[in-house]
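K.L.:
Now for the letters of each chain:
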Amino acid sequence: MKPAAFAYLAPKTLADAVAMLDRVQDDGKVLAGGQSLVPAMNFRLARPGALVDLNGVAELAGVTGDSSRGISIGALTRHAAFHAPPFEGPLADLMAKVVRNIAHYPIRQRGTFGGSLSHADPASEWCLVAATLGATMHLSSTAGTRTVPAAEFFQGTFTTALAPNEILVRIDLPPLPAGWRSGFYEFSRRKGDFALAMALAVLRTEGGAIREARLGVGGVSDRPHRLDAVEAFLAGKAPDAATFAEAAEMARGAVRVTADIHASEAFRSDLLGTVVRRALAEAAA
Amino acid sequence: MSWIGRALPRLEDPSLLKGLGNYVSDHARGAMHAAFVRSTVAAGDILGIERPDEGLVFTGADLDGVGRITAVLHRPDYRAVGQPLLPVDRVVFPGQAVAVVVAADAAAAEDLAEQVFLDIEPVDPILDFDAALAPGARAVHPEAPENVLVEGRMETPGFAEAMAAAHAVVELDLRSGRQSAMPMEPRGGVASYDAATGRVTLVASVQMPHMLRTGIADVLGIPEADLRVVAPDVGGAFGQKMSLFPEYAVLVWLARRLRTRVAWIEDRRENFLASAHSRDQAFTVRGAFAADGELLALEADLRSNVGAYSCYPVTCGVEPLMAFGELPGPYRFAQYKARSRGVTTNTCMMAPYRGVARPMLTFTMERLMEKAALQLGLDAIDVRRRNLITSFPHRSPTGVVYDEGSYLEAMEAAVAHVDIPAFRARQARARGEGRHLGLGVSVFSERTGYGTPVFAQRMMGIVPGYETVDLAMDPSGNVEIRIGASPHGQGLKTSLAQIVSDEIGVTPDKVRVISGDTDATPYGWGTFASRSIVISGGATKLAAEATATKLRKIAAMLMEADEASVTLADGFARVPGTNKAMPIAELARAAYHQSRQLGMPAGIRETGFYDPAGTFSNACHICEVEVDIETGGVRITRFVVVEDAGVVINPMIVDGQIAGGVAQGIGNALLEELIYDEDGNLLTTSLADYLPPTAVEVPDLEIIHMVTISPESITKAKGVGEGGTIGAPAAVINAVADALAPFGVEMNVMPATPERIRAALRNAKVAADA
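Protein chains in written order, with numbering that gives the first Met the number 0: chain D, 0 to 284; chain B, 0 to 769.
These aren't lab readings, by the way, just hints derived from the structure by calculation.
Using N, Cα and C, we set each Cβ at its ideal position, and we do this for glycine too.
Be aware that one or more of the hints could be misleading.
As the list claims (entries may be wrong) - Calculated from the model, a selection of chain B residues having no Cβ within reach of chain D, i.e. all distances over 12 Å:
| id | residue |
| --- | --- |
| 1 | I48 |
| 2 | E49 |
| 3 | G151 |
| 4 | M183 |
| 5 | R198 |
| 6 | L377 |
| 7 | V646 |
| 8 | L700 |
| 9 | N747 |
| 10 | R755 |
| 11 | R761 |
Stated by the list, open to error - Below are the EDC-like pairs computed for lysine to aspartate or glutamate, each with C-alpha atoms no more than 20 Å apart in a straight line:
| id | chain 1 | residue 1 | chain 2 | residue 2 |
| --- | --- | --- | --- | --- |
| 12 | D | K1 | B | D110 |
| 13 | B | K764 | D | E264 |
| 14 | D | K1 | B | D104 |
| 15 | D | K1 | D | D26 |
| 16 | B | K764 | D | E248 |
| 17 | D | K1 | B | D25 |
| 18 | D | K1 | B | E109 |
| 19 | D | K190 | B | E696 |
| 20 | D | K1 | B | E113 |
| 21 | D | K190 | B | D688 |
| 22 | D | K190 | B | D627 |
| 23 | D | K190 | B | E625 |
| 24 | D | K190 | B | D699 |
What the hints assert, rightly or not - Residues from chain B that face chain D, not an exhaustive set, calculated with beta carbons under 8 Å:
| id | residue |
| --- | --- |
| 25 | A106 |
| 26 | R268 |
| 27 | T630 |
| 28 | L670 |
| 29 | T683 |
| 30 | E754 |
In isolation and in its complexed conformation, chain B is listed as follows:
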């Protein structure tokens, strides 16, 4: 019986649930503590830094020979802006670290930090794209006089003609507020200097340990051999912990300078101020439709506020260029004209957050389908039916190739499951009672598991994508796999163990997965972009297949059987049809201890390497809400997900990914927003003001799986890490819009807060006591 497909309890959970997890803070005991002195103004010139008479205080002036963090894109439209670890001349966002202090403990470090006075002459901050793009706007960085760090443009040859031939042009102006990935555990690191070797070990809450080692070594000008980066248990990351932040490089510099162990455990306020933000986009689109609802052409002007710097290594192109390239989503149309800009401002740097661009572009396409239906007098589901991709491989107007998916089938399954006519009847009855129910649909594609073939097209200076897995079986038959992926909550170790178990016939509890340690794992790209099950899983499968081949070879020799006839399952090698059987542990022992007799290289060690072009998952979300038109409050009453992620390795883990993603998507849709005031003060620096959904706001989910096999994934699994977050916002907002349809209001801004819903109703002259 196959281990793949079983809802195996996560091998990671017992230690986490018993409080035996190993987090960065667990490494901080006894260390000296660093605290960063941060700018309280959004933009200004540093006139001076006053230090107290005593205490360890360092500024950018102390960082001799240290470089800037500079993310590179080889595009003519890209303006590279290097980020100093601690700036000496000017600050460009509020919360930017300007100095660092070190003291005996965290409280003493905060005391000392308070005694450092930053004399900064403020200048008027540029906070949003309108201000940044205004003619004559001050340049946030001299390197980018127009305040645009990256810009993509394209137009297909037949665009103008298609636009002109349209029966109707549907226009939308959509906004997404600024949001935080908000991992439960903020950032943090402990850098330890080892006097014996001169090396530094940085234990840090990160999702790309090898990349961090490369980045820090480059910035500090040291060989990578002098640095070991360890990602222990990580309490959530969601993309926020992919990038190299100045704080980590400063910690390593401090450990080397002071020849000691220095910890920095970020607090929530710092995390909101200065880690990384996301979303904050404005998309203006015009869709040209035929009378029957066919989408003929799409014009898009996409603006992303990428903040003060370009995140390393993936660059600030990650949002605007993905938006540009993947806006068509699951829809088939030929003509496309787009302009996408990454606009720099005096705000916290933008970095990937679960979904990257796709929550907004799905919101855009799904609002477009709804509005087109309204404008054309058609049913919105029918408009989607008319336009969804149904033949594969499909090539989008931007050149993206989609492998096999089930866009239409997933939507039909969701629509049938929900029973829309029954909902419409309930909705009509409720309206009669003054209650406002709504139903929203969202269909989307989720590009997952892509390696260097796709990343190389982005012209990044650093091209991520492949994964290597080193598998070893010890003489007692236990398996150890060392992976370059860096799981941090995904349950990947369990899923990989299931893959190994199916190939080599040992139970998953015999498979130990080692990750997140640059001294102990092959160079890899960590865990992000819904990649690990496809790429690391694929590499794991290849290593396990090679191992199985060797085990069968040994078994064939020891049992005097034909190699091809040997099966490996339940801890035994067997020859079906005979009574020949041997424990796999004995084969392993023979590999180490009888290698001469076997005439084979000793031991069992195999490496798998995988670097695929990627595969698209897809899903349809349907959400039902009740809107309180007097308060603007929204209650989600039902949420259905029909998800196609290919072969599901562990259904419990996949459902968990969907549930967590949908919860974050609900936050994006209704609750979460980072707000700067006009002076650039961040007003949302605690969880009293920044509001992720809680268990009360997230309904039980109804999840249905479909399985479309893609030739692009050797495990037949597709990534599923981001889909929930991608699809949920559009479904929720479409549901709110449906509930409010009788009032003729449009819902074009995320999050749809009670304030915004009431404002829309007030503008539509709906009184609070309607």
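Excised from the complex, chain D in its bound form:
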């Protein structure tokens, strides 16, 4: 449980960071909170030749914007920043309710928003948020900056659109103005464990009917899924148990779930339907 030898690089600016990463390329790895990377290195499952530590790059941290304009999250923003978000409104409610499901309190002090997205664990809550809300990722390299939509960013287990010489620097979440309500439900073996299934639902309801919906599921396959077809189905429906049960069935049909030691396909498929129903019910409550 000791990592293989590696070089440690500590840039102070983003420009230095991308330059350093460019030099080490495939042999390099970006260190943010280190809550997944360092254990993987201790297991020697990850053996980067060089670590580019972003923790000294002050410009990468911080959240700007608000619910009505959307927010922009610096990649180095710690999870704990969302325990009490520095803005108000439906987006703040959503982030505050999701963050408490991420691992444990000490981990949330260290782990980062950008690190979670770059790591792309299928059970990552932030990846689900990014996919469901349609986040935009800002990626930097020595060649400049490009943007990638969440739908293209997540490509599979621990796999993203990031090139070996790119750093995720900023994530934009679109507006979620007044009138939207969110629901999040996660099932895990113990409090703080990886999700066996989770769903995020965001609804705008008016006159007794759902007008708009965002719905995503995570922890059930190799990446988070935004369920566009179910969102379309929900629009115009009454926010009641029958609607949600039908939506849950549609969700089960839309995602091919994977099995692991904690959940067979049959069980995970059951869970998928349950978390969708519960997230929708909370969003409609």
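Fit chain B to the known structure of chain D by using the hints.
P.N.:
Coordinates of chain B only, in the frame set by chain D:
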């Protein structure tokens, strides 16, 4: 006022809480580090081992003249299988150490270990008892062609007749998954060679230091005088650190060979792979009941997967033979037929884990009571009332003699405390709202504090059990006791100090307890099997009584009083009814400095020795849960323990033992499982996959003490180290079963994971959106 019975803060805690503990890792600084090269296959023939060009690499071929670790049982059905320190011909479980490397630090050692290539031709592993017991199965060891290392059988003469006369026969097929004792601190050792004396000191995270010294000396063929074993602060053990593991003997061999200091600090992955596992049992039972619920006869087929080797010194018989002998538990019935097998497989060796066999046998008897009640149309509490032992001493059909206990009284107290009718009303209301509450009961006996009289019956080659305590009072009146027990988190030093204080009248802070050092303590058996407060506590009491006698004698002479009239308390010897008083410290000084005038042998040194037959603690656990039938999630909402461990020396320590044990029992019931895939790869090698309960999953406990005095313990205390773990799983699973009773599902597998609960409900055609 008595020190016994006080919730005295633990004397051990200040240093531990301030980060001043002294653990094995604290001894590793500056040492060379060893890393073991482990087999990645479960079973196979070693074709070759490729070493790097440079670096210290040793294999079994280098271990000239070194023996095998061989645990012995003198039973005709026992097949002894010796464990090589590093095998040269074949590997028999995944993670088995095949080579060892030594480098300047732990990271460099891991680097070097990666350069050693094991060429192993794999064979299909045998991983579970079904595969091992299948006709024509490959033998895991040539010494045991049937893959059975030990087998107990018995049948009482009236069994068949009782079975035939039964009103109803209740059948159960129960499983317990494989679990880890999972101490917070994994194993580890630092072996230091002393060039001046040629001796090696092994500082190791162990719970039986003397036994380790004997075992290593035997395997390496050296005199025990050449080896000192020290157990410093130990971060939990729970049975996992009782056994002699190859790694420790290799460390001592390396220190002698390299004439240096070599450390090995086990990591969590190694601990899961290759330390010791536990549970992994399948019990099939048939209980014959009369119409009124009386249990007339029990038939049992008990299989334990003991893994690849037989643990030293207690042997692989520890699980199957205890299951066989103690299955009747707290219940009174005369007719018993049983077969219990320890089955060997290509999995990690099984060794004792807190509870040993009894979590599973309690699960079995308590499921049996519930199912019998259902089948007979009776109340399950009434069925237990009909069958619990109420007269003592009681002799079970396997010959186990139970001393005074309070099986029925403890259950009645728990039932009254919980208020079952009120729960049933809440349960009915909740069901109306689609919520599923359940209540589960578990009654059990916990055999504790047994010495050689009981261990000798097991026919072990090494018969543990007694304890010796050497007590000395120095000239300033401070007491030092040297014990053969080896406490590692139990707070035993505090409890023993309380016993000493009551006998000789000094405050507990004046009592220093020295343990875990073979150079400094009398030969003893360490701390395991809920033995220490009874046996080491008993020996301590005897030594303290002898000391008190001497102090009274000195006081009587110095104060010119009758010896029998002298009392010792609060640091003073007094003669009640007079104004005569002397500090005990002055008596001590006189013992050393005025021995000639006193006409007594100088100094104060006394030895206590105790080797009892043992005593049974008992308890009743009642658990309430809420089951989420859509996710299979279980939330424990209440947990009541009525415990009878005789006289409680320190209630805070006893409650702590119960709480820790219940937490592990909850893990056993709901969360923890070691899983091998079909190729024999262990899939649960980190704490992301092996899930002990956290503070969130463990509820506050309501603990009630009862006190039944047994003549079998001279301190009147009974052991309490394992009860929580023994009783909790059955209570939790019975509660889950009660919650799911409307769906007609049976809960017969531990742990009852969400997956298993949902599968049972799915099989019962309960949809996820029911």
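K.L.:
Work down the list of hints and note, for each, if the structure agrees.
P.N.:
Against the structure, the hints:
no.	hint	in the structure
1	I48	holds, 20 Å
2	E49	holds, 19 Å
3	G151	holds, 33 Å
4	M183	holds, 15 Å
5	R198	holds, 30 Å
6	L377	holds, 35 Å
7	V646	holds, 37 Å
8	L700	holds, 19 Å
9	N747	holds, 18 Å
10	R755	violated, 9 Å
11	R761	violated, 7 Å
12	D:K1 / B:D110	holds, 9 Å
13	B:K764 / D:E264	holds, 17 Å
14	D:K1 / B:D104	holds, 10 Å
15	D:K1 / D:D26	holds, 18 Å
16	B:K764 / D:E248	holds, 17 Å
17	D:K1 / B:D25	holds, 17 Å
18	D:K1 / B:E109	holds, 7 Å
19	D:K190 / B:E696	holds, 8 Å
20	D:K1 / B:E113	holds, 12 Å
21	D:K190 / B:D688	holds, 14 Å
22	D:K190 / B:D627	holds, 15 Å
23	D:K190 / B:E625	holds, 16 Å
24	D:K190 / B:D699	holds, 17 Å
25	A106	holds, 4 Å
26	R268	holds, 7 Å
27	T630	holds, 5 Å
28	L670	holds, 7 Å
29	T683	holds, 7 Å
30	E754	holds, 5 Å
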